[in-house]
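Asker: Heads up: the protein sequence lines correspond to chains A and B, in order.
Each residue of the first sequence is one higher than the last, beginning at 1 in this note's numbering.
Each residue of the second sequence is one higher than the last, beginning at 1 in this note's numbering.
Where hints are given, some of them may not hold.
[To be verified] Derived contacts from chain B toward chain A, CB cut-off under 10 Å, selection only:
1. Met99
2. Gly119
3. Tyr148
4. Met164
5. Ala167
6. Gln503
7. Gln506
[As the list claims (entries may be wrong)] Below, a list of computed lysine to aspartate or glutamate pairs in the EDC-like style, where the Cα atoms sit at most 16 Å apart:
8. B/Lys104 x A/Glu208
9. B/Lys98 x A/Glu206
10. B/Lys126 x B/Asp140
11. B/Lys29 x B/Glu7
12. B/Lys98 x A/Glu58
13. A/Lys7 x A/Asp33
14. B/Lys302 x A/Glu58
Simulated from the structure, these hints should not be mistaken for laboratory data.
Backbone N, C-alpha and C fix where the C-beta goes; we use that ideal spot for every residue, glycine too.
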Amino acid sequence: MITFLAKRTATLVVAVLLSSFAVFLIPFVTPGDPVRKIIRSRVAGDVVDEATVRALGESLGLNDPLPVQYLRWLGDFFTGDMGLSHISRTPVVDQVLPALGITLSLVFVALGTAVLVSLPLGIVAALKQGSKTDKLITTVTQSFIAMPEYWLAPLLVLVFALKLSLLPSAGWNTASSIVLPAATLALRPISFFTSAVRSGMIDALEAEHISAARARGLSHVQTILRHVVPNGLVPLSTLFAVWFAGLLGGSVIVEVIFAIPGMGRLLYDAVINSDIPLAQGGVVVVVALAVAITTLADFLHRILSPKVSGALA
Amino acid sequence: MPELVVEDLTVRSEGTGRPILAGVSLAVKPGEFVALVGGSGSGKTMTARSVLQLLPPQLSIESGSIRLGALDVTGASEAELNRVRGGRLGMLFQQPKKMFNPSKTIGAHLREPLKLHSGLRGRAAKTKVLQLLAEVGFEDPQQGARSYPHQLSGGMAQRAMTAMALAGQPEILLADEPTSALDKVLEQQILELLDRQRIQRGLGVLYITHNLASVAAFADRVLVMDAGVVVESGTTETVLGNPGTTYTRKLLEASNLAPTSIPAAPTHQRSALTLTNVVKQFGSGKRKGRPALDSVSLDVKKGEILGVLGQSGCGKSTLARAIVGLEGISSGSITRTVIAADARATAVQLVFQEPHDSFDPRLTLRSSLEAPLRSQKGLTAAERSRRLAAAMEEVELDPALLDRRPGQCSGGQLQRVTIARALLLEPEVLICDEATSALDALTQRTILELLQRLHRDRGLTLMIITHDMDVVRHMCQRVAVLYQGRLVELTDTDKFFSDPQHQHSQDLVSAAIPCRGLHLKKIRAAL
């Protein structure tokens with residue numbers, strides 16, 4: 001387990017380093033003078049004349065070899081200095097952190113709801129495999145896959161905000177602001193989670209050790225609770241992490257539609273406005289979090305299924 | 001203690017309406033060892049499952065009664081049944097490793113019946129777990145209780161399952177082929193353990209098996225089943241000594257593998273395989289245990305039949321996997337002498353133990369078998385199809401079977417297909433890793449005959465990995481004995497049985513003598 005931990009942490013670090021290097025290169029590979037772009041992200045005032053640009057370039061170390069510049073950029077980045085936004089002229093970190101907070105709460109509520117809905121649905125569908133209930137649950141949740149966010153979000157707004165006036169249609173001001181965007185985001189994971197829980201449970205139910213458990217005198221319910229559900233939920237833990245990581249940067253559509261100042265919205269704006277420092281800050285933070293979460297899920301998976309840890313160690 | 005009585009039990013499959021059991025009657029008295037024998041699919045397992053009321057959902061009891069003392073099992077409520085299962089009625093399953101929840105420790109498994117049937121919890125339960133594990137022969141019960149199922153060998157898992165079945169202090173134990181995946185020494189130990197329980201506390205045992213040697217050794221009475229019907233029953237001496245039906249005679253014949261006249265080991269022959277100081281070490285650093293193979297040197301002659309014997313976990317399978325290259329070796333060398341000329345990787349083929357596990361269940365047999373041929377250049381579809389059909393005929397199967405999926409074939413058919421798959425690649429050496437131990441005696445017999453014919457006709461070199469001494473005596477020219485990863489004996493079969501040198505070989509040979517059990521019964525009668 002220790003070796004595994006060390007190995008996975010090393011992989012995590014390498015993944016973050018590689019992606020951050022790509023991000024670091026953005027000013028160099030996009031059109032325009034990289035030196036001017038970098039100066040703009042480092043110096044608050046406007047710089048126009050060549051002489052100042054050269055002097056500033058010198059003092060910011062922009063003539064150093066790329067690897068040296070990269071290490072300096074990385075060091076600044078992870079000590080909280082992500083530079084200045086090209087547009088708002090305020091520190092990027094002050095925009096990224098609040099946006100991250102908003103997106104994290106949105107994603108957490110959406111996926112939490114998805115789990116709470118999928119667990120009972122998946123378990124019931126598996127226990128009554130082939131029945132009408134199973135078919136109903138499977139058909140309905142599968143149809144969610146075909147409901148894209150840009151279609152669902154306006155529909156929900158139309159019904160719950162405009163017609164029924166129950167919930168706010170946009171913004172991030174009241175607690176109820178989270179309901180419609182979270183519901184929109186939760187729908188597709190519900191369909192994937194339900195089908196994962198269902199098939200995980202069916203596999204667990206068909207395992208031969210189930211009849212051995214019954215032969216020990218465990219009742220049907222005891223067997224399900226002790227020997228089926230825990231094993232059947234293992235696939236969900238991995239899927240949850242994948243979705244969590246994906247939605248961190250993937251909630252763009254929902255955030256734009258509902259005018260939520262989250263990460264997706266921030267990245268969208270940064271790209272639209274060619275705000276390089278803002279995009280850099282947003283992408284690296286999202287990547288680091290996503291990699292950390294999937295690694296965490298791997299640990300969880302190993303704790304849940306000792307056989308996996310035995311096989312890999 | 002009460003008696004288990006099954007009367008006129010008929011079980012039918014709801015889908016097909018086919019009777020699985022037709023009027024089965026049997027009784028197991030306290031302190032009695034009753035054997036239920038028959039080929040695969042004869043209904044032995046379903047009889048045991050009916051007793052526990054744990055039939056697969058598509059099967060149901062149509063008529064008949066099952067009584068345990070005063071309790072009518074067929075009419076009992078679920079709550080009553082839950083008290084009986086694992087309590088008064090214990091069950092041992094075949095394939096012990098698959099019968100444990102992979103994410104729970106052995107200790108956690110054993111605490112369940114203790115809590116359910118004896119009300120033991122906490123420290124008391126822990127102490128009892130250790131005591132039970134020690135009783136079934138765990139050298140380090142602490143370690144055993146902490147282990148996860150996948151960390152145990154087949155033998156240890158069967159011991160753990162025995163401990164679990166005994167935890168509820170059963171009156172009757174249903175043992176469904178508990179030893180068919182184990183070697184002779186372990187089999188003897190497990191059966192002796194059950195027999196001790198029988199003598200000490202009057203445990204009644206229903207022993208389901210297709211191994212007649214162990215029946216002769218332990219059973220008081222025998223029931224023979226064929227196609228869901230009990231065709232013969234009586235005392236062990238009568239049924240095995242003077243069988244009344246042709247089916248029983250066939251079973252007896254099949255399990256009595258007399259040595260065939262095989263030419264002596266061809267010492268002058270060239271080597272097919274040369275292994276020099278092969279070491280296989282799993283794990284590294286602190287996890288490094290005893291090497292799975294410890295400087296094994298072995299010379300397999302071209303055209304010989306070599307038997308490889310040894311206990312579960314002695315490195316037999318690792319050796320086979322190393323030879324075909326499925327497992328890398330840590331040091332030493334393996335040379336395929338005969339085929340060095342064209343150095344085909346496919347010149348050594350492996351046949352696995354579990355025929356159902358060696359095919360992709362989603363593919364038809366044709367697609368499975370065609371896959372290796374596709375990698376050979378210059379074969380047209382028609383040519384491939386012709387070779388598949390020829391290979392099927394070689395193993396005496398109808399080529400029409402190729403369009404079925406593994407689930408639609410019997411174990412015996414599939415094991416033939418595995419051999420056909422190996423033959424397609426025209427191997428020089430065929431390694432059979434316990435290729436017949438999952439099959440019943442009748443099927444085993446026919447597979448062995450097939451292998452002998454291939455050896456004779458094709459000059460195939462065979463390496464038969466087994467724990468079945470009868471198989472070795474029946475068809476091997478030389479015997480190699482592995483013990484804890486080391487090759488401890490390599491000798492001619494005759495010499496091996498008449499004068500085994502190593503202590504472990506002596507144990508194997510003495511455990512294999514069927515009459516030893518009959519002595520045991522005489523001793524028992526005298527007590």
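Asker: Of the numbered hints stated earlier in the document, which are not met by this structure?
Answerer: 2, 6, 7, 12, 13 and 14
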